[in-house]
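Trainee: Each chain is listed here by its residues.
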Amino acid sequence: MAEYLDRSSDIGKLVAMPDDDMIICRCEEITKGEIRKAIHDGMWTMTEIKRYTRAGMGLCQGQTCSRIIKGMIAKELGVLPLSIDDNTARVPVRPVEVRVYGKGIN
Amino acid sequence: MIRYDVIVIGAGPAGLSASIEAAEAGMKVAVFDENTRPGGQLFKQIHKFFGAKEHKAKIRGFRIGEELLAEAEKLQVDVHLNAAVIGIHDFNSIAVVENEQVSFYKAGNLIIATGASENMVPFDGWTLPGVIGAGAAQTMMNLHGVLPGKKVLMVGSGNVGLVVGYQLLQAGVEIAAIIDAAPKIGGYGVHASKVARTGVPFLLSHTILKAEGEEFVTGAAVVEVDSKFQPIKGTEKHFDVDTICMAVGLSPMSQLLRIAGCEMKEMGGLVPACNEYGETSISGIFAAGDVAGIEEASSAMVGGRIAGAASALRDGFIMQGDFEEKYKALKESLNQLRQGMFCKENRGKTDMTATEEGIPLSNSLLEKGYLLEKEIIKFPGVKKKAGVHPIIECTQNIPCNPCQTACKFNCISIGENITALPVVIEDSKCTNCGMCVASCSGQAIFLLNEDSEDGFVSITLPYEFLPYPKKGVKGIALDRSGNRVCEAEIIGLRTAEAFDHTALLTMKVPSEFAMSARFFTL
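Top line first, the protein sequences correspond to chains A and B. For the first sequence, position 43 (counting from the first letter as 1) is numbered 43 according to this note's numbering, and the numbering increases by one without interruption. For the second sequence, position 444 (counting from the first letter as 1) is numbered 444 according to this note's numbering, and the numbering increases by one without interruption.
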């Protein structure tokens, strides 16, 4: 677990921003405001943001938004993006239709 | 379950090279790729590559792809296409979705060469249709023959932005501008120059504010930024464009390595910690190409070969001594590519002011994409001579030397150091053959005939736009910034197989424009 995670630290109040309605995760249509709110609700890791908002759980599996979300967490917490761990990489790394799985393994 | 000696994931330049090297050693090799066509990004690269002969310099990327594929097929490498690898299990077996079915394959060695994906930056309107990655634009144009738009704003001045920008121009797309938040152009000066001389403006220290439009992109707003990348109020500019192309970097696609449990490190995204042979912290799992750290296709090919050879050594297909010999040559080839002003150590450096030769770098080139006439005459590729002679406007230390061997008459010298600037030899005799002009991947060589006619000179320039202007046609000569300088008449057009689709256009201009006219337009 990354060292920045002193859960008792105060990151200040959530202040509304003019671009809060901008979509960040386009697969799941999660906005900047929703992700910022999640951070202020205490979701300080990539994994927590993902589970709390579904950002990064869509078709591209966070290929596009992960980097952007990492930057947003870093900004809200006042730390370097480098100090924030990536999401856990999981199988399948590409979207697979359930009917394909339904056929069993060759 | 089918077994191989080595499984390569990704059929791009690194993966194909790795599979060739392993198959040559006698290994049973399979390559898996999720795409319909092999070659990774190579088949989108219609430009000539940089480097030395062993790096396949001056060959166009898609031809390199064809060569690699033919070699792999000859060596009976099993190339599985439309085959997405979705996971790695039990260290050495992979799960693949092929023909709507999950299959497992096993191998003693895995070489992961999955490449990279394009970065995005969010801004107002970035999800509108018409905002696309530069790689997507390339796929549309060069694979599918579809124009991405009519007028484009390119965001990012690295080599990807510059190369794709040039290809858009070749396809007949207008480029409103190339912008970059950095204060200096990120890619090669020669790439920037060939775009600038067509009249494309560069706006450095500018960022995109907004993609305008309701249903799709109808315009773009940009703004100047200060040294801390903060927008400067009142500097907003608007462009009427239907497409915004994003060339803002790449991230390694390293999920499979992370799933396998390889030790990772941060290098512009997570990359595996590898030894000098590309082997990860897990014995038998190798990484090569962009997934092991973003570079370019030439070094990816060498990295792939090293990993392929190392896997062959690991399983006893080649002897230690043979491997060491091979590795030494490959390492030397890799070192050559990793030299010069754009090498990893110099990336992001802002205090470079002179070339290795001590010649001051052109700020105009770094900020506007073109050299000034008073700067160009200081370089060793530019000499004033009687008769016809090459003018080499190559002013940065990059690993590239095809011009040296292109001239059979020893007019051009680079020497042993591949990043040295090309020198036009003082007492050499140019035969006007044009091989240097066509061989320069940066399109930076021109032939100047200073005594062609009274009061006129002829300038031969590399030209890669269709249709070619016909002999006898009169048009306008443009300078390095794309500004009109004078009337020009086309007095020659040469297309030879050896020029590989770089036409040599010769135009006649008044002699006072000998050192300024560098492009032609109707």
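Just so you know, the hints here were simulated from the structure itself, not pulled from any lab data. It is possible that some hints are incorrect.
Sample of chain B residues lacking proximity to chain A, with all beta carbon distances greater than 12 Å (derived) [what the hints assert, rightly or not]:
no., residue
1, Met1
2, Gly87
3, Gly108
4, Gly249
5, Arg258
6, Ala260
Simulated crosslink set (DSSO-like; lysine-lysine; CA at most 30 Å straight-line) [to be verified]:
no., chain 1, residue 1, chain 2, residue 2
7, B, Lys374, A, Lys75
8, A, Lys70, B, Lys210
9, A, Lys32, B, Lys384
10, B, Lys429, B, Lys374
11, B, Lys378, A, Lys75
12, B, Lys184, B, Lys106
13, B, Lys384, B, Lys368
14, B, Lys326, B, Lys378
Glycine included, each C-beta is placed from N, C-alpha and C at the ideal position.
Trainee: Next, verify each hint and record whether it holds.
Mentor: Hint check:
Non-interface call for Met1/B relative to chain A: violated, since the shortest CB-CB distance, roughly 9 Å, does not exceed 12 Å. With a least CB separation of 3 Å from chain A, Gly87/B falls inside the 12 Å interface cut-off, contrary to its annotation. Consistency note on Gly108/B: stated as away from chain A, and its beta-carbon is indeed over 12 Å from all of that chain's, at 21 Å minimum. Non-interface status of Gly249/B relative to chain A is broken: a Cβ of that chain comes within 12 Å, the nearest being about 9 Å off.
Separation of Arg258/B from chain A is inadequate, the least Cβ-Cβ distance of about 4 Å not exceeding the 12 Å criterion. At roughly 9 Å from the closest C-beta of chain A, the C-beta of Ala260/B falls inside 12 Å, breaking its exclusion from the interface. Between Lys374/B and Lys75/A, the direct Cα distance comes to roughly 46 Å. Violation of the 30 Å bound is thereby established for this hinted pair. With a C-alpha separation of about 22 Å, the suggested pairing of Lys70/A with Lys210/B holds against the 30 Å cut-off.
For the suggested pair Lys32/A and Lys384/B, the alpha carbons sit about 59 Å apart, so the restraint of at most 30 Å is broken. Note on Lys429/B and Lys374/B: the hinted pairing holds, with a Cα-Cα distance of about 25 Å set against a maximum of 30 Å. Under the criterion of a C-alpha separation no larger than 30 Å, the hint pairing Lys378/B with Lys75/A is inconsistent with the structure, at around 46 Å. Only pairs whose Cα atoms come within 30 Å are accepted, and Lys184/B paired with Lys106/B is rejected, the gap being roughly 48 Å.
For a cut-off of 30 Å, the pair hint linking Lys384/B to Lys368/B stands: about 26 Å separates their Cα positions. Taking the CA atoms of Lys326/B and Lys378/B, the gap is about 41 Å. The hint is violated against a cut of 30 Å.
The structure is inconsistent with the numbered hints 1, 2, 4, 5, 6, 7, 9, 11, 12 and 14, although it conforms to all the rest.
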